[in-house]
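J.: Using the hints, put the two standalone chains together into the complex.
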Amino acid sequence: MVFSSLEFLFLFLPVTLLLYFTVPKKHLKWRNVVLLVTSLIFYGWGEPVYVFLMIATIIVDYICGYYIDKYLDTQPLKAKGVLIAAIVINLGILGFFKYYDFIVSNLRLIPGLDGLPLLHLELPIGISFYTFQALSYVIDVYRRDARVQKNVATFGAYVTLYPQLIAGPIVRYTDVDEMLRKREENIALFASGVRTFFAGFAKKILLANVAGEIWNAQSAIPLSERTVMGAWIGMICYAFQIYFDFSGYSDMAIGLGKMIGFKFLENFNYPYIARSITDFWRRWHMSLSTWFREYVYFPLGGSRCSTIINIRNLLIVWLLTGLWHGASWNYILWGLYYFVLLVIEKQVLHKILVKLPVFFQHLYALFFILFGWLLFVFEDLSAGIVYLGNMFGVGTMASISQLDFYNITRFLPFIIICVLASIPQPRRLFYRFYEKYMWVRVAAYVAGAAVLVLGLSYLVDSSYNPFLYFRF
Amino acid sequence: MNNRPEKNTEQDILLDIQMRCAPRSRIIDMLTVFTFLAVIFAMAVIFVILPDKAFSDQENRALQQRPVISSPGKPLGRLLDGSYTADIAKYYADQFPARDLFIGIKGYTEIALGKQENNSIILGSDGYLITRPPAPDYTALEENLRPIGAFADVMKQMDVPVTLAIAGRTYEAMNSYLPVTFPKTQVSQLWEYTQYVADDYTSMQYINLLDPMRAIIDGEQESGPLYYRTDHHWTTLGAYYAYAEIIKSFKDKGFQPAALSAFTVEQVSSRFYGTTWSKAGMKWIKPDIMDYFRYEGDEDYITTIEDTGISFKGFYDRSYLDKKDKYSSFISGNNGRVDITRADGQKREKLLVMKDSFAHSMVPFLAMHYDLVILDLRYYSESVPKLVLQEGISRVLVIGNMENLCQNAIYGNLYYGADQALVAYSRSIYPISDIQVNGNSIKDYTIVYPNKPGGYNGAAKLLHDTILEKTGYDLKMETSSKYENYDRAIILADTGLPVEGLINISVEGNNLYMQSTAQAGITGVVETFIDMYITKGTGAFNFPAGYDYTDLSNEIITIMPE
Chain A
17 MVFSSLEFLF
27 LFLPVTLLLY
37 FTVPKKHLKW
47 RNVVLLVTSL
57 IFYGWGEPVY
67 VFLMIATIIV
77 DYICGYYIDK
87 YLDTQPLKAK
97 GVLIAAIVIN
107 LGILGFFKYY
117 DFIVSNLRLI
127 PGLDGLPLLH
137 LELPIGISFY
147 TFQALSYVID
157 VYRRDARVQK
167 NVATFGAYVT
177 LYPQLIAGPI
187 VRYTDVDEML
197 RKREENIALF
207 ASGVRTFFAG
217 FAKKILLANV
227 AGEIWNAQSA
237 IPLSERTVMG
247 AWIGMICYAF
257 QIYFDFSGYS
267 DMAIGLGKMI
277 GFKFLENFNY
287 PYIARSITDF
297 WRRWHMSLST
307 WFREYVYFPL
317 GGSRCSTIIN
327 IRNLLIVWLL
337 TGLWHGASWN
347 YILWGLYYFV
357 LLVIEKQVLH
367 KILVKLPVFF
377 QHLYALFFIL
387 FGWLLFVFED
397 LSAGIVYLGN
407 MFGVGTMASI
417 SQLDFYNITR
427 FLPFIIICVL
437 ASIPQPRRLF
447 YRFYEKYMWV
457 RVAAYVAGAA
467 VLVLGLSYLV
477 DSSYNPFLYF
487 RF
Chain B
129 MNNRPEKNTE
139 QDILLDIQMR
149 CAPRSRIIDM
159 LTVFTFLAVI
169 FAMAVIFVIL
179 PDKAFSDQEN
189 RALQQRPVIS
199 SPGKPLGRLL
209 DGSYTADIAK
219 YYADQFPARD
229 LFIGIKGYTE
239 IALGKQENNS
249 IILGSDGYLI
259 TRPPAPDYTA
269 LEENLRPIGA
279 FADVMKQMDV
289 PVTLAIAGRT
299 YEAMNSYLPV
309 TFPKTQVSQL
319 WEYTQYVADD
329 YTSMQYINLL
339 DPMRAIIDGE
349 QESGPLYYRT
359 DHHWTTLGAY
369 YAYAEIIKSF
379 KDKGFQPAAL
389 SAFTVEQVSS
399 RFYGTTWSKA
409 GMKWIKPDIM
419 DYFRYEGDED
429 YITTIEDTGI
439 SFKGFYDRSY
449 LDKKDKYSSF
459 ISGNNGRVDI
469 TRADGQKREK
479 LLVMKDSFAH
489 SMVPFLAMHY
499 DLVILDLRYY
509 SESVPKLVLQ
519 EGISRVLVIG
529 NMENLCQNAI
539 YGNLYYGADQ
549 ALVAYSRSIY
559 PISDIQVNGN
569 SIKDYTIVYP
579 NKPGGYNGAA
589 KLLHDTILEK
599 TGYDLKMETS
609 SKYENYDRAI
619 ILADTGLPVE
629 GLINISVEGN
639 NLYMQSTAQA
649 GITGVVETFI
659 DMYITKGTGA
669 FNFPAGYDYT
679 DLSNEIITIM
689 PE
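Each protein sequence line maps, in turn, to chains A and B.
Using the working numbering, you'd call the opening residue of the first sequence number 17 and step up by one each time.
Using the working numbering, you'd call the opening residue of the second sequence number 129 and step up by one each time.
Next comes chain B alone, as it looks inside the complex (with noise of 0.2 Å):
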């Protein structure tokens, strides 16, 4: 133990320097400490008596306030497990004072520094700010793809054609405005392998909206900004080129989009300051110019806010004109559902849109064609499919950026209520009006079932909802096994002996005789007898007498009503 060194002089000679090169003007220290302490204690105090902001119009959220240390039951609850703590660390961060200043420098600093991005906002040129997209996540794509895909094919039994637009990030659309140095590759892939899963569904048709952009773009057709500079949205103009297209591709309707001519650019506003203005912090980059594309009669339209209730004439709600969050006066902004009709009453065919944000500026251009039930899947819950049954839907339009598809999954519950609006599709279109045996009507028919194991009591009670549910006859249920008592009775029968076939259906005298098969059972056979002549029956279908239906074979029969 005595093999320790006397002193440890590395250290000894940096706290020397330390010591010694410590600043030797007073006047630079004592102003040092002074702007310190004024600052700490200023803060301090400012934090204390400055009133909490509520929101933030900047970022467009809630702001934390002040947090408190207990929640309902646990008086010290949020204290100990550390909850209040990391509240307080939100609320500092949040109710900093001149906080959009502070914002302001980082965003100059960065940019100074030649980094050419804050917060993932790339600087492009021509003051376009581009969000710089994290990358995509092909499981989240396809879990938007699929179920888009599969509830096309169920649109499709209900002759409901379904359309996937696909609008392109600033970031691809705007290509040409990255950095020189920016790499430009991997866009293409996620497209390529959007269109390859968008293949798998020959029922949905599927549009890429930024191929058709990107033409006009890089063509220098386009007649102003396709995208805002300052926003993560199109312009006004990008929407209607959007609109043309999807229209265009409504080939059996032969429509043709509105020329652009045919609107009047009304400028609503010249300082719309955007999402990614706001997160990039680049606050010396010039506010864009909102449009709308006004038309004849575009007065003449109601949107209703089904959330809500709430509904006004025309597209927009103009009391977003004046607050930061321009884009929301299209529609009011993100809702579950919204439903535009024409104000005279008059119906038209209906389009159900299934969006995000983007299709907001696009909804005046819709209009004109159809009246539009719209609906974000991110706030509304119910099932799709039935919604399309119920309104009455004859087109279904899903459009969305590419951003919203590659990163969260939106549409994997969108075949929910499929198969229930399935059965109630072919209901509705297969009305029936009566079902006849010997000419007589069943109206007063009786089901009869004998008292025994074997199904008989489920199928007959089947059979009995079915009539009722497609006739609205409600016919009286017997068991007995005395046939030969019944005249006008549906009986289910059972004879003791195996019955060879798979159905086995009769008429003998006014009664309609099902027998139990061995194949089937009486539950198998009472279900074929729906299938063939209730559930897509046509008009009245009339079991002569002596009709006699044996299907002595193992496959399985279709017959069709007459």
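Okay, chain A solo, but in the shape it has when bound (with noise of 0.2 Å):
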């Protein structure tokens, strides 16, 4: 089930939120209880047969969580292997999930390995974000970051938490230990997760599913009809949909997790308004960038090391990234395009940026963000480099159509409102005014309605509807 669906608000969410505050404040754990069991059904819902799967991983790292900690001061060795097994399991059941056809369809270039057999697996949704989460426990109860959890219920709770279960963002036991055992839920946070479930609503339905069709149809248009301005209206369009639909996707999870008292952390911060390339991987999915910074790239040493180790561990982090968000060579290549690109910032560019006018940081900085997405979009690298040509003029049949002109003045409002979206202009000098007039608020409140009917409208009558990252 996904978020912005008819079902999800009007089956799913009354249900869910009538069975939870119905359980009073002070049996939280019973509260929990429900959370386990109404997300197992919205993780069921989508997917009937691999919730099994989810269930097996979360026994497997309560157990091991539960020896860690009862190793961890009297034969930390012990505790150190059930840790190994805990991560070979985690990464194994993922990597056989997501990556084994990639590697056996890699396998088979060799010679003599051309009959390992194909599995054809559909990938389990959202995979890759409930095992990191997972694996973030048992990795925070070794070491001592967070306290062991007793209760499986409360345990599962965590894993299966649905707000951010299948996209995000990526909750560290660490952050939400305190949560699981004592939260505050009240009218005003409540009602500042409304208000942020509807912004992430808005961004995907009214945004994301607009711009992905005006990227499918600017992608879909034949060889010989391409022009230079199709396809920069195409590729831009494309980057406004990713990041709507996965900061909305964040947003409606973050709203929906302070309905019910957590505070989850925010996944974007404004990412297009990067300044540098190292800028916007501190703004784009911070979440995945902060588990991977804590759990692989600080424990191989960081940056207080050599040059070189650390561009070793650049290096590693950037190809499980690459790799992270998909079984594909693209994947791998917009991995290394980001650790080339972040050497040499650290190394050179740097210095040269800082003193350029922040116009030109900017321009370079989406620049490379745009080529970055060419590389992520098109799984078929050829296709990719067809495209990549378009936007400079290979292989065009015009630089500009007049398909083109009708399509930049039907789609210039709705580019603009994306521009206004991606910044945070908009929003400071809202809050500056909310806080000064009461009209200001009644008219937020009128606008968020009108944004819950909008959203509806788009959603009852589209078919299109897809979340881009259900895939990783």
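By construction, these hints were calculated from the structure, which means they are not laboratory data.
These figures come from a predicted structure and were not determined experimentally.
Among these hints, one or two may not hold up.
Stated by the list, open to error - Straight line, CA to CA, 20 Å or less: simulated SDA-like cross-link-like pairs of lysine to any residue:
{"no.": "1", "chain 1": "B", "residue 1": "K243", "chain 2": "A", "residue 2": "W248"}
{"no.": "2", "chain 1": "B", "residue 1": "K312", "chain 2": "A", "residue 2": "F421"}
{"no.": "3", "chain 1": "B", "residue 1": "K312", "chain 2": "A", "residue 2": "S415"}
{"no.": "4", "chain 1": "B", "residue 1": "K452", "chain 2": "B", "residue 2": "D426"}
{"no.": "5", "chain 1": "A", "residue 1": "K166", "chain 2": "A", "residue 2": "E241"}
{"no.": "6", "chain 1": "B", "residue 1": "K284", "chain 2": "B", "residue 2": "N541"}
{"no.": "7", "chain 1": "B", "residue 1": "K218", "chain 2": "A", "residue 2": "F446"}
{"no.": "8", "chain 1": "B", "residue 1": "K243", "chain 2": "A", "residue 2": "F421"}
{"no.": "9", "chain 1": "B", "residue 1": "K243", "chain 2": "A", "residue 2": "T425"}
{"no.": "10", "chain 1": "B", "residue 1": "K441", "chain 2": "B", "residue 2": "S456"}
{"no.": "11", "chain 1": "B", "residue 1": "K411", "chain 2": "B", "residue 2": "S609"}
{"no.": "12", "chain 1": "B", "residue 1": "K218", "chain 2": "B", "residue 2": "L229"}
{"no.": "13", "chain 1": "B", "residue 1": "K312", "chain 2": "A", "residue 2": "E23"}
{"no.": "14", "chain 1": "B", "residue 1": "K580", "chain 2": "B", "residue 2": "S609"}
{"no.": "15", "chain 1": "B", "residue 1": "K312", "chain 2": "A", "residue 2": "I109"}
{"no.": "16", "chain 1": "B", "residue 1": "K312", "chain 2": "A", "residue 2": "D420"}
{"no.": "17", "chain 1": "A", "residue 1": "K41", "chain 2": "B", "residue 2": "L165"}
{"no.": "18", "chain 1": "B", "residue 1": "K312", "chain 2": "A", "residue 2": "T425"}
{"no.": "19", "chain 1": "B", "residue 1": "K243", "chain 2": "A", "residue 2": "D420"}
{"no.": "20", "chain 1": "B", "residue 1": "K218", "chain 2": "A", "residue 2": "E23"}
{"no.": "21", "chain 1": "B", "residue 1": "K243", "chain 2": "A", "residue 2": "L428"}
{"no.": "22", "chain 1": "B", "residue 1": "K218", "chain 2": "A", "residue 2": "F28"}
{"no.": "23", "chain 1": "A", "residue 1": "K362", "chain 2": "A", "residue 2": "R426"}
{"no.": "24", "chain 1": "A", "residue 1": "K452", "chain 2": "B", "residue 2": "R154"}
{"no.": "25", "chain 1": "A", "residue 1": "K452", "chain 2": "B", "residue 2": "I155"}
{"no.": "26", "chain 1": "B", "residue 1": "K312", "chain 2": "A", "residue 2": "I431"}
{"no.": "27", "chain 1": "B", "residue 1": "K284", "chain 2": "B", "residue 2": "S377"}
{"no.": "28", "chain 1": "B", "residue 1": "K452", "chain 2": "B", "residue 2": "E427"}
{"no.": "29", "chain 1": "B", "residue 1": "K243", "chain 2": "A", "residue 2": "N122"}
{"no.": "30", "chain 1": "B", "residue 1": "K411", "chain 2": "A", "residue 2": "S478"}
{"no.": "31", "chain 1": "B", "residue 1": "K218", "chain 2": "A", "residue 2": "S21"}
{"no.": "32", "chain 1": "B", "residue 1": "K181", "chain 2": "A", "residue 2": "E23"}
{"no.": "33", "chain 1": "B", "residue 1": "K312", "chain 2": "A", "residue 2": "K452"}
{"no.": "34", "chain 1": "B", "residue 1": "K243", "chain 2": "A", "residue 2": "S240"}
{"no.": "35", "chain 1": "B", "residue 1": "K379", "chain 2": "B", "residue 2": "T291"}
{"no.": "36", "chain 1": "B", "residue 1": "K312", "chain 2": "A", "residue 2": "S240"}
{"no.": "37", "chain 1": "B", "residue 1": "K243", "chain 2": "A", "residue 2": "K362"}
{"no.": "38", "chain 1": "B", "residue 1": "K243", "chain 2": "A", "residue 2": "S478"}
T.: The structure is reproduced here in structure tokens:
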């Protein structure tokens, strides 16, 4: 099930909230049980079979966490053994379901191995997200960053928590440890949650889906009719689609969390206002970057070591980041692309960049981000190269066609809205007035209701409602 | 491991902003929460208690009903394979309360944003709702045109002329009503290609209906709209102009189309909201007017829906006028086969119309000249060539709008059954009454053939069956090598010696001899005999005494019957 679906809003959510708040506040454990059960239903809705895989993951990590905690002080070697076992099992499941066919199809290129069978397994939704969350628990327990969770239902609720189950943000156990034991719900937080949810809802339905349709149309234009302008319109719309899609989903998740007292960390911080690639990655999918930093980069030594080791660490992190996004070479290349950019930036470019006018810093960052998306979106590399050529006039029939002209006039207002939604200034301005004037608060309430109605109307009338990050 | 930073400061700041800026007006907060909960709970309840709608008039389709978990034989099957939850999603979208209202809100919003389109419907000038055509599928186009061409080749052998008439879409015909910025270049390519393929088939007459219609529209000679604003069809006036083009092209008949002044316009609805209106969600667009062009005696026809056996007087099923789908009042909408005949039983020449729904409003005009057999190959799957023969069709008109022809292969099976139909046709036009040998009818003849390998048995059977089919004579068959014992026999002879040449047929006494030759064997000789004297034979062929046809050349012989 996805948040931006009618059956989520008008079936799952009311039932879940009702059950949840029917349990008295003092029985938090039982509320967690409700969360676990409803989350499993939420997951099983789209993955009726793989829900058992998820239950297995919960049990394995619960047991591992328990024994790590037990042995950590008395027999540290044993604790370490259990930790390694947990990591191997978790990554093993992830690797099997997500990467088996990719690895085998590449191995089959080697003579003599071409008989290896492909399994064509369907990827369990959200497996990359929840595996990382489960891993964070055993590692945090091992590091003493978090206390062991003795209650299997509460631990299960952590892994399956429906708001962020299938597309993040990736919650680290240490961040929610406290909230699982004690959390405050109140009207202000709930209202804030509703607002955040509908901000995300609007991003997803009103911006991402629309941008996605433009991108689909542009990328489907036959090769003989491509234009430079058309290629750029398409790529820019894809950049908007992926941002609003993913950050919209994160917002909805954060909002739903707030309604039941969870305060998740933000996942995006206006990534497209970045002034460098380094800056971009501090703003894009922050929960994933944090995860890799905490559990891979720092343990490897981070940047507090020789330049060579540091570069090696970056290489590992970015290879993994690429691979995490999908079992295909283009994602690995995408990771390497950022690795190269980041190393160059760190070693050389940074000093030059900061001296440039801010405008050029933005231009530089956006340019390379856009090409990153090009690598990201085309699983078929040759199609990606053709499209890249189109953007620079290779293989196009014209630089601008009548169709482009028509499209620009049509899409301009929409693109302006997208730009405004990608920069922080409008929101800041809004907050300033919000605190000052009552009428702005009323207007905001009305606008919120309008977003709901508008979002519903787009939802009811549309069959195009994918979530891009589901495949990860 | 001691080099981790103390705290992730950026995220803390963000969280801070998020919390601090959380609106501090308690009233607004309460109102927000209340509204949110009220909406989701109210909707949840409404979905449960509101009875399901079965059909959407607006969209002209059946709506998803409350799905069931189990299917026969699989108690949990639909749950496990995900089809149950998929149906739930469809159910919520289809049964959404005030669905039409919400669709309208989206339509307004898209236009207000300057998109000029919604759901691929372009808002043109004068309130024209114009379907934006998807990229043409040239493969599908060829898969329609080439079978129609091949069909026309077959029909030519049967002396039935075939006309293909293609109607333009609103998008092309009302080109000048598109937004000024809309690119108008791609239309001609598709039509040029159609012309190019059609030119491959000389037996088929191709009529482009778009050009004359555009000439009328752009020349502003029309007395009303030729296409509906809210529907993808042409108006009755548009259908009239198309009819006139088609009838004028039947030059061999010397038909003249009825003059426009011959009709009395009956306005049957001023509230026609068509298909594009439903899809566009632009609810402010005014409805179309729908007319019938009535003429003297147009009630004296019977329209029969062959699929259901239902028939009615005239061409119009007026019960549709009370529904949204008013266009279906023309010959009762889409059916596999519809026949139009005169009520007084008078038989006229039959025109076979293979069509899509564009033809429906044209039927009343065509019926003035022909009895009609109307097929929609999307719903009719039997052999058309055979039907042409059975019904005694004298002319074929294939008419469709470009959208159907360049998106779906509809006419791929048109050739189906053509071979048998051709054979049956040639039999029917070359009747033979008798074959005579030496003045004796073969009625009492016996087919005699030797009991030995070499195909004698099969050849004798073929000969017997062909004669039976053609003349009705059921000849006796006997195996024997003592040919001299027979008088009045057709003898498939084997002399034991190789016979030179291709064909060897002779008359000895009253017997007709066919000798197996080295070249053709007995089968070849019999087949040639059948081809020459039976299949295409006219009247009776008399093999005179002493007839001796020995073809020593290796050329294929053709002998026309006398």
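J.: Compare the structure with each hint and give your call.
T.: Hints versus structure:
At roughly 19 Å between alpha-carbon atoms, K243/B and W248/A fall within 20 Å of each other, so this suggested pair holds. Only pairs whose Cα atoms come within 20 Å are accepted, and K312/B paired with F421/A is accepted, the gap being roughly 12 Å. Annotation: proposed proximity of K312/B to S415/A holds, straight-line Cα distance about 18 Å (limit 20 Å). For the hint linking K452/B to D426/B, the alpha-carbon distance of about 25 Å lies beyond 20 Å, and the restraint is violated.
Proximity of K166/A to E241/A is assessed by CA-CA distance (about 62 Å); at most 20 Å being required, the pair is judged violated. Annotation: proposed proximity of K284/B to N541/B holds, straight-line Cα distance about 18 Å (limit 20 Å). Simply put, K218/B and F446/A have alpha-carbon atoms about 38 Å apart, too far for the 20 Å limit, and the pair is violated. At most 20 Å may separate the alpha-carbon atoms for a hinted pair to count; K243/B and F421/A meet this at roughly 13 Å.
Distance hint between K243/B and T425/A is fulfilled; the C-alpha atoms sit about 8 Å from each other, no more than 20 Å. Straight-line distance between C-alpha atoms of K441/B and S456/B comes to about 16 Å, which keeps the hinted pair within the 20 Å bound. Between the alpha carbons of K411/B and S609/B the distance comes to roughly 89 Å, so the proposed pair goes past 20 Å and is violated. For the hint linking K218/B to L229/B, the alpha-carbon distance of about 18 Å falls within 20 Å, and the restraint holds.
Note on K312/B and E23/A: the hinted pairing is violated, with a Cα-Cα distance of about 42 Å set against a maximum of 20 Å. With a CA separation close to 9 Å, the supplied pair K580/B and S609/B stays within the 20 Å bound. As the CA atoms of K312/B and I109/A are separated by approximately 54 Å, the hinted pair breaks the 20 Å bound. Proposed proximity of K312/B and D420/A is supported: the alpha carbons are some 12 Å apart, at most 20 Å.
A C-alpha spacing of about 19 Å is found between K41/A and L165/B, which places the hinted pair at or below 20 Å, so the restraint holds. For the given pair, K312/B sits about 16 Å from T425/A by alpha-carbon distance, which is consistent with the 20 Å threshold. Using a Cα cut-off of 20 Å, the hinted pair K243/B and D420/A holds, with the two alpha carbons roughly 13 Å apart. The hinted pair formed by K218/B and E23/A meets the criterion: a straight-line CA distance of about 9 Å does not exceed 20 Å.
Taking the CA atoms of K243/B and L428/A, the gap is near 9 Å; set against the 20 Å cutoff, the hint holds. The hinted pair formed by K218/B and F28/A meets the criterion: a straight-line CA distance of about 15 Å does not exceed 20 Å. For the given pair, K362/A sits about 41 Å from R426/A by alpha-carbon distance, which is inconsistent with the 20 Å threshold. With a C-alpha separation of about 15 Å, the suggested pairing of K452/A with R154/B holds against the 20 Å cut-off.
Restraint check: the Cα-Cα separation between K452/A and I155/B comes to about 15 Å, which is no more than 20 Å; the hinted pair holds. For the suggested pair K312/B and I431/A, the alpha carbons sit about 24 Å apart, so the restraint of at most 20 Å is broken. A C-alpha spacing of about 17 Å is found between K284/B and S377/B, which places the hinted pair at or below 20 Å, so the restraint holds. Of the supplied pair hints, the one linking K452/B and E427/B is violated, its CA atoms being roughly 24 Å apart against a limit of 20 Å.
Under the criterion of a C-alpha separation no larger than 20 Å, the hint pairing K243/B with N122/A is inconsistent with the structure, at around 45 Å. A hinted pair counts as satisfied when its Cα atoms are at most 20 Å apart, and K411/B with S478/A qualifies at roughly 17 Å. Of the pairs offered as hints, the one joining K218/B and S21/A holds, with about 10 Å between alpha carbons and a cut-off of 20 Å not exceeded. For a cut-off of 20 Å, the pair hint linking K181/B to E23/A stands: about 18 Å separates their Cα positions.
With a C-alpha separation of about 52 Å, the suggested pairing of K312/B with K452/A is violated against the 20 Å cut-off. Taken as a hint, the K243/B and S240/A pair is broken in the structure, with Cα atoms around 26 Å apart against an allowance of 20 Å. Restraint check for K379/B and T291/B: the C-alpha separation of about 12 Å stays at or below 20 Å, so the hint holds. Proposed proximity of K312/B and S240/A is supported: the alpha carbons are some 17 Å apart, at most 20 Å.
With a C-alpha separation of about 43 Å, the suggested pair K243/B and K362/A falls outside the 20 Å cut-off, and the hint is violated. Of the supplied pair hints, the one linking K243/B and S478/A holds, its CA atoms being roughly 16 Å apart against a limit of 20 Å.
Of the numbered hints given earlier, the model fails hints 4, 5, 7, 11, 13, 15, 23, 26, 28, 29, 33, 34 and 37; all others are met.
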